[in-house]
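Q: Here is what each chain is made of, one letter per residue.
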Amino acid sequence: MDMSPGTIRPKLTARGVNVFYGDAQALNRVDLDIRAHEVTALIGPSGCGKSTFLRCLNRMNDLIEICRVDGDIRLDGEDIYDPAVNLVYLRARIGMVFQKPNPFPKSIYDNVAYGPKIHGLARSRADMDETVASSLERAGLWEEVKDRLDAPATGLSGGQQQRLCIARAIAVRPEVILMDEPCSSLDPIATARIEALMDELRQNFTIVIVTHSMQQAARVSQRTAFFHLGDLVEVGDTDTVFTQPVDPRTESYISGRIG
Amino acid sequence: MAQAVAAAERVERSSLLAAPEGRRARQVLGERILLGLLAASSLVAILTTIGIALSLLFETLRFLDAVPLFDFLFGLNWSPQIAIREDQVGSSGAFGVVPLLVGTGLIAAVAMTVAGPLGLFSAIFLAEYASPRARSFAKPILEILAGIPTVVYGFFAVLVVAPFVRDSSEAAGFEVSSESALAAGVVMGVMIVPIVSSIADDVISAVPQSLREGAYGLGATKSETVRDIVLPAALPGIGGALLLGVSRAIGETMIVVMAAGLSAQLTVNPLQAVTTITVQMVALLTGDQEFDSPKTLAAFALGLLLFIATLILNLIALMLVRRYQERYD
Ligand SMILES: Nc1ncnc2c1ncn2[C@@H]1O[C@H](COP(=O)(O)OP(=O)(O)OP(=O)(O)O)[C@@H](O)[C@H]1O
Ligand SMILES: [Mg+2]
Chain A
1 MDMSPGTIRP KLTARGVNVF YGDAQALNRV DLDIRAHEVT ALIGPSGCGK
51 STFLRCLNRM NDLIEICRVD GDIRLDGEDI YDPAVNLVYL RARIGMVFQK
101 PNPFPKSIYD NVAYGPKIHG LARSRADMDE TVASSLERAG LWEEVKDRLD
151 APATGLSGGQ QQRLCIARAI AVRPEVILMD EPCSSLDPIA TARIEALMDE
201 LRQNFTIVIV THSMQQAARV SQRTAFFHLG DLVEVGDTDT VFTQPVDPRT
251 ESYISGRIG
Chain B
1 MAQAVAAAER VERSSLLAAP EGRRARQVLG ERILLGLLAA SSLVAILTTI
51 GIALSLLFET LRFLDAVPLF DFLFGLNWSP QIAIREDQVG SSGAFGVVPL
101 LVGTGLIAAV AMTVAGPLGL FSAIFLAEYA SPRARSFAKP ILEILAGIPT
151 VVYGFFAVLV VAPFVRDSSE AAGFEVSSES ALAAGVVMGV MIVPIVSSIA
201 DDVISAVPQS LREGAYGLGA TKSETVRDIV LPAALPGIGG ALLLGVSRAI
251 GETMIVVMAA GLSAQLTVNP LQAVTTITVQ MVALLTGDQE FDSPKTLAAF
301 ALGLLLFIAT LILNLIALML VRRYQERYD
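Chains as they are written, first to last, in the numbering used here: chain A, 1 to 259; chain B, 1 to 329.
No lab work stands behind these hints: they were computed from the structure. Hints are all accurate, no fakes.
Chain A side only, calculated, beta carbon under 7 Å to chain B, not exhaustive:
id	residue
1	Val88
2	Met96
3	Asn102
4	Pro105
5	Gly115
6	Val172
Here chain A is said to cover these stretches of chain B; the calculated rule only asks that three of the stretch's residues, wherever they fall, bring their Cβ under 8 Å from a Cβ of chain A:
id	segment
7	218 to 225
8	229 to 238
We treat Cβ as the ideally placed atom computed from N, Cα and C, and that holds for glycine.
Work out the full structure: start from the sequences and follow the hints.
A: Below you can see the structure in the form of structure tokens.
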């Protein structure tokens, strides 16, 4: 548990989280707090369980038949694995952006409007227009698409598509946004835009990001968690983790990548 | 120096070429024979297709000498029996194909009314809802359905469905002929279900998982995801699956020969007997005919018509399915 002074209650808490795919254990008793209005970066070598952990937080792993999650994960103190939990509400509160941009084969407008529509968040067409516009605005895409909202979203560039996916997630007004390597298919310029965006977004949202780039973790996050072979090895303020890692595994991973 | 290198290279190359003489010759011969065999096989298939298309075309042209194209395509009356009297060959205008087109279309429409929803819903079930166990059980059964000889379906249409349609419609106070478009169409629809469902299943399964996850990640329920994201994404391919079903329906022969009847009535009432292009082709060619009587030649004209129609349908369907697959590769 994080005991640094002045911290309010964490947004998300994970305690003793084990995840199995069939008989193979992918996460081993992970304890992690995610603080509100911060960007938390999950780093670690490929296959260490970063995506698995991220997908536990909005119960995306429920979609995988052989996946079993135990332990305790709470959003604002509420157990999200309680059988009574409504997944529709949970995922409305915890949005997700994926590694590869996955716009729906619909218009730009309809992509953003889809979430608010299924959750009944807009009272009128004007209300919806406003939601779509402000979401695109916050995702830094409005200027580029405002004249072609009816154009198919699949016609956008990769970086624009990813910002559209962010707008789509924001439109539902979630409290937490999970991002799994959101820049891995983007060029440096598009990446820089999304990194800048994350810093703005954390005013209103809590962000958890998986990344393979140390530099990116260092640039965008306030907290960093290092995973290795299914264990959460180390978590702390990003500056501390990168400059004075406690665990030798963290040290060698970070120096290996940077140096 | 450079010369020495080049020379060395030449030596090396020639040593590669100098495989034992006999072995090399045998190798080359074997390759040639294999190639020839493969090429010849595909040539036979291609030439046969071209030959059939050409003979259809030529005989159709001969038919059109006797019957004007306009009368054939737009004539409302089909009664080839009158026209075979030698003194008035084809002049009566009794080769109007419209009743056959309407009959074919009517039966195909009935068939697709059955096969469209059933095929689509079972594809959606198989692709999105069925557990792997249910899938491994249901898929082979659908495939068996596709393997039943159509003459068995024809039997079934005549002996079970037609009497049922007749009895129940009569009980409801409708007038029904003993052979009805409805009976033939319904049975044909059942036959087409596996065609539609298996292609639609492929197409729906090919919708990338990332789209589904995108919808679930926004809090969409399963049915919202299927309805709003998966099906629209699969729509062109589903259209292709339905068109292939239609193409199969208009070319189907056995069921309609047995269950649809011969009377070329111009009606869209599915309780009436109608006839189709395929039925009339069979009727024109059974029994002793002069090969060059308009009656026989009419069969070629019908054949060409059918060929063109199914060809176009299949091409559009393939284009839809293929373009759809490219989009998600
Ligand atoms: N659907 C699945 N079925 C079975 N095993 C899985 C599945 N998804 C992940 N795993 C296994 O769980 C472990 C952790 O995978 P995970 O995808 O969480 O790693 P990761 O840290 O995100 O890796 P990467 O950086 O390559 O994305 C790996 O050993 C992986 O093989
Ligand atoms: Mg991953």
